[in-house]
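When you get a sec, could you build the whole thing from the sequences and use the hints?
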Amino acid sequence: MLRYLPLLLVLALWIYAFIDCLNTPESQVRGLPKVAWVLIILLFGEVLVGPVAWLVAGKQRRPGAAGGATPWRRDRGTTWVAPDDNPEFLRSLKDQQTREDSRQDGTPIEDPEADLRRREEELRRKKRDTADGPEETP
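FYI, the working numbering numbers position 96 of the sequence shown as 96, with every residue one higher than the one before it.
Rather than coming from a laboratory, the hints here were simulated on the basis of the structure. Virtual Cβ for every residue (Gly too), placed ideally from N, Cα, C. There could be a bad hint or two in this list.
[Unchecked claim] Taking CB as the label site, the calculated pair distances span:
1. 119 - 94: 20 to 26 Å
2. 4 - 95: 58 to 64 Å
3. 90 - 47: 56 to 62 Å
Below is the structure:
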């Protein structure tokens, strides 16, 4: 089993470099056109020259060079705020709660528990009326 390990590692690196090259935007490819890098990876993949060359020289890896920030780094100007300290988030929760606690006509419910009890009583009454059967009119 161990004699197949180097072959599997080479194959994994080859596949990783190929997929990484295909998914990289053209603006982040260095040195050669993207099509040339794909051909180099495919042609020289067995001897690891193509995939290693792509990983070392083909793609811009530094976030400063690409012009964008990476998820694991913060910009110096931005501050991270926890959701429970963020006023916009708290305001959105309050607005959502208000929408949930309002009637269909848009007026707010003063006592949600009393409203729930009233609705349950209406449902019981309707169920009782339908169980008794339809009323006949003369």
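For residue 90 and residue 47, compare the CB-CB distance with the range 56 to 62 Å and indicate the outcome.
Holds, since residue 90 and residue 47 (Cβ atoms, about 59 Å apart) stay within the stated range.
Just tell me: holds or violated, for the beta carbon distance of residue 119 and residue 94 against 20 to 26 Å?
With a Cβ separation near 24 Å, residue 119 and residue 94 satisfy 20 to 26 Å, so the hint holds.
Looking only at beta-carbon atoms, does the pair residue 4, residue 95 fall within the given range of 58 to 64 Å?
Holds: the Cβ-Cβ distance is about 59 Å, inside 58 to 64 Å.
Going through the hint list in order, the structure satisfies each hint without exception.
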